[in-house]
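Residue strings, one per chain:
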Amino acid sequence: MAGAFDIVEHYNSLIKEDASISAPVAAVGSLVKLIEKQNATTMLEFMMIARQACDRLKKATDNSISLSAGCDVFLKQMSRLAHAQSVEECRKALIKAGTDFVQGAGRCRDIVAEFGSPFVRDEQTILIHSYSRVIMGLLGRAVTQNKRFRVYITESRPDQSGLRAAAELQRLGVPCEVILDAAVGYIMEKVDMVLVGAEGVVESGGLINKIGTYQLAIIAKAAKKPLYALAESFKFVRLYPLSQYDLPTHRSDLLSFKEKRADETDWQAELSRSNPMLDYTPPGFITLMFTDLGVMTPSGVSDELIKFYLD
Amino acid sequence: MSDSKAMPPPESAAGQAADTAAAAAAAKEKAKKEKEERRRLKEMELKMRNIAVGDQPAKKTTKAERRAIQEQQRAVKQETGHPGAAATGTSGAATTGGGGARDGREPRPEAGRQHAGAAGARHARVNVDKYTVPEDRRMYLYEHLSLPDHPPSSAQAQGAGRCLGTGPTTAEHSTGDPSAFAAGITNAAFPPGPQVVVGMARDDYVAAEANTPRTVRVLGTAGKPVEAVLRDAVSPFASGPGQRKFLKPSATIAVHPRIKEVGLRMATMEISGSNARTVAMLLAFADVIADYSTPPRAVLTQHLTSYLSLQIDFLVFQRDRCIGMANAIRWLKAEIIRMPNDLKDDEAKRQLAEKIDGYIKERITAAGDIIAEAGAQKIQDGDVVLTYGASSTVQNLLVAARRRGRRFQVIVVDSRPVNEGRRLVRKLVEAGFSSQQSRSSSGEDGGAGGADRTELSDGVTYAPITALSSLMRDASKVLLSAEAFFANGTMLSRVGTAMVALAAHSCHVPVIVTCETYKFNERVQLDAVVNNELGVPDALMYKTGIPDAEPVGPQSDPALSAMEYSAYARDKYSPHPRWNNRNALRSETPAESTAAGKKAKAVKAAKAAAAAELSREAAAVAKLSSACPLNDWRTSRQLRLLNLTQDVTPPEFVSVIITEVGMVPTTSIPVVLREYKNQI
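Protein chains in written order, with UniProt numbering: chain A, 1 to 311; chain B, 1 to 680.
None of these hints come from the bench; they were simulated from the model.
Mixed in with the good hints there might be a few duds.
Dumping the calculated EDC-like pairs for lysine to aspartate or glutamate here, alpha-carbon to alpha-carbon at most 16 Å [claimed, not checked]: (1) A:Lys-307 to B:Glu-660; (2) A:Lys-225 to A:Asp-192; (3) A:Lys-33 to A:Asp-100; (4) A:Lys-307 to B:Glu-675; (5) A:Lys-221 to A:Asp-192.
Produce the entire structure from the sequences given, and follow the hints as far as they go.
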């Protein structure tokens, strides 16, 4: 197959090298590398190799959703170029497009921050969920604009990524409090707006994100607080979940009343083992999306996706 | 056919004489006609069950007899003389194939059409070589879209009078006389259905009933102002000038027989459903174009479009086009206009035939396959899928999911008056959905793999729409099909769909809708009143003795059949406590009870049939008047029947639309419309 070059290894090394790199960008980066090393002679072979590599990547990593966004973009680009030119030309074009994408991706977060920062105003109280690099970028931008605001951060079990966000915000000089995931309803009344990131933005206009986002969104909607989702456009995925159990990450053994021995059960360990890590928030709960294509309604996302994949 | 011994009454001449003499005789005549009508309905029903009613001598004589009442006695003699000749003529046509039929022109147009009626039922295949779509593909289409059994060849509708083409050569065949024209229409091989002409004055109606050219004319209301629609809808039989619609046949250009055939089959609902209708229409257009030749000093691109418009007018008159048909028509006309002017006729016709075939393949059948495959992925093991009515796409989707090895239950919700869900139930059972089968097979296996499989039932439940609110709680997905989607995201579909979607929405059950993109429309529609299709009002009545539609399974009792096919009812060990107690009431072993029950049912049915034969007239009349208070709606000025056939579902009730270009939310329809316009 890939011969000496192992795409999974390369992907992991990319992630390790640069902490700020997103999964889809790393995926495209590794696919470009793969194409560079390949000497396929026909277009079909070329596509086959890329497709196999994508499948391997998706299997090998745990957050396959945002990764598959990158793979989809790459494959779509490939099939588009396939019609036009010879194999060699196509390869060159593909490598160029991929490299451009990886370089451009770094700027995406800045653009999102640019579009989103006007929504942050003085004396606001913001609730954020978990740790998200885009949210950090936006709040950082707001700080440089000398805005005064406070932030509540959910603890976000089980990996407690909220603590990391709190530490980072503290360094920026933003007053923050970490709240229990169970305290979202308690705190919602005091909040002016809710910001969430996204693991993937799906065709319905909804989003897939760290577990707890859905319940946060429900409470926000019940309390009539605006919820803004932040996502780079490379996180748009070709998925259309109908419910929580319609996600590719769903496994039948999650929270499935498996029989356990009463004396041997370690409930603490069971907790993170049998719980899902992601949930799906339907578009009805999202007020607006901040993306690098602009600020758009959830339905705007599906429009962009259709436009990209239709032709 | 047991019914054929209802002899053509020999006193037809006597009856006519009495008609002038006394009112009593007229009443008798009327009763006779009613009897006749009932017989015809029965015949139609039998035809629906694919029993050939073709060369029944009784039928021909009755047809002639019926005509005789309308016309003069002279005609009676001539036409009763015909059948023998007609029979030999048609068999000749059937054996010799295309050429024979085309050349077999009759000198008299009326006689020729009469002849056509007799010939039609025989499924004679004529002129097959002219079909531009290959025959096997055509069969595939018909099966695929659950069209009625066999695509009748063009001979069916036309018989000897095939040569209704264009230009001066055909002028001799098209008569200027409208009544003769109407007679020609009704003479096609279609058994007449209940007759309604919406918008007819009451007196006209009574008169029309007396001397029938019996056709169903369900007039659509497209393009009418709201007031007119409301007026028609609320009082379809209110008198008033200008409401009556008649087709004005052109003196120079005739309607092609294939178009007549398709139009009538649509009018009698033999072809129904958007996909089936659009495909049937396009195939008919392909034949029309194959038979077309540009008249001298005319340009194909201009002349053909106007010629097609006339054909379309006829189709629309028979039954208003659905959105899919309208879109297809618009596409075809655009294609014709886009053709280069200097193209030879043959070449242009060949290209158009190819394009039509491509459209059917790309936008309808292949699109349906893609939708079925994509949708099947959305169905998981253990799902309970609720669907409403019958749709070819939904059926294909469910079967595709089953083929992938998914185990899930289907609830088919159905409603009067069409009860099309029964068809779906039968198709699903044929495709292997059956709780009983899976249960017994897993029980016999007993061993590996059986353990977790028994938990998953894959049965089909049939239920009336009135049971919706309780069934919805059991459903995990709702699967519907659309007749059209509008730019604002509203869905147009068979009446009752909005109710199902609303129930699903309130129970938080995702609503999946299948829709090919050729049914997307850039219009905006807010409710179902501005544009709807009125069904036959009589359909709302319960007709004792005439089942609503063909029943499911061997039994003739529809309610019983429904029970037979219900997964819940059979399932003693059903996890649903609401359903299993029904079975507990029956203590016999199930196999014996059903066998014995069937036998008893059969005996009972036979007895009932015999009894009905004896005093059919009196019993039916008594039953009709007692069974349904709606029966006298024609004479009652207070009572109006409103049979709307479509409704509109708001976009927020639809979770996802599965199209051939992917799954889209209702908010993205304008994007699909826009992007697609550039593509095609």
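Here is what the structure says about each hint:
no., hint, verdict
1, A:Lys-307 to B:Glu-660, "15 Å, holds"
2, A:Lys-225 to A:Asp-192, "6 Å, holds"
3, A:Lys-33 to A:Asp-100, "13 Å, holds"
4, A:Lys-307 to B:Glu-675, "7 Å, holds"
5, A:Lys-221 to A:Asp-192, "12 Å, holds"
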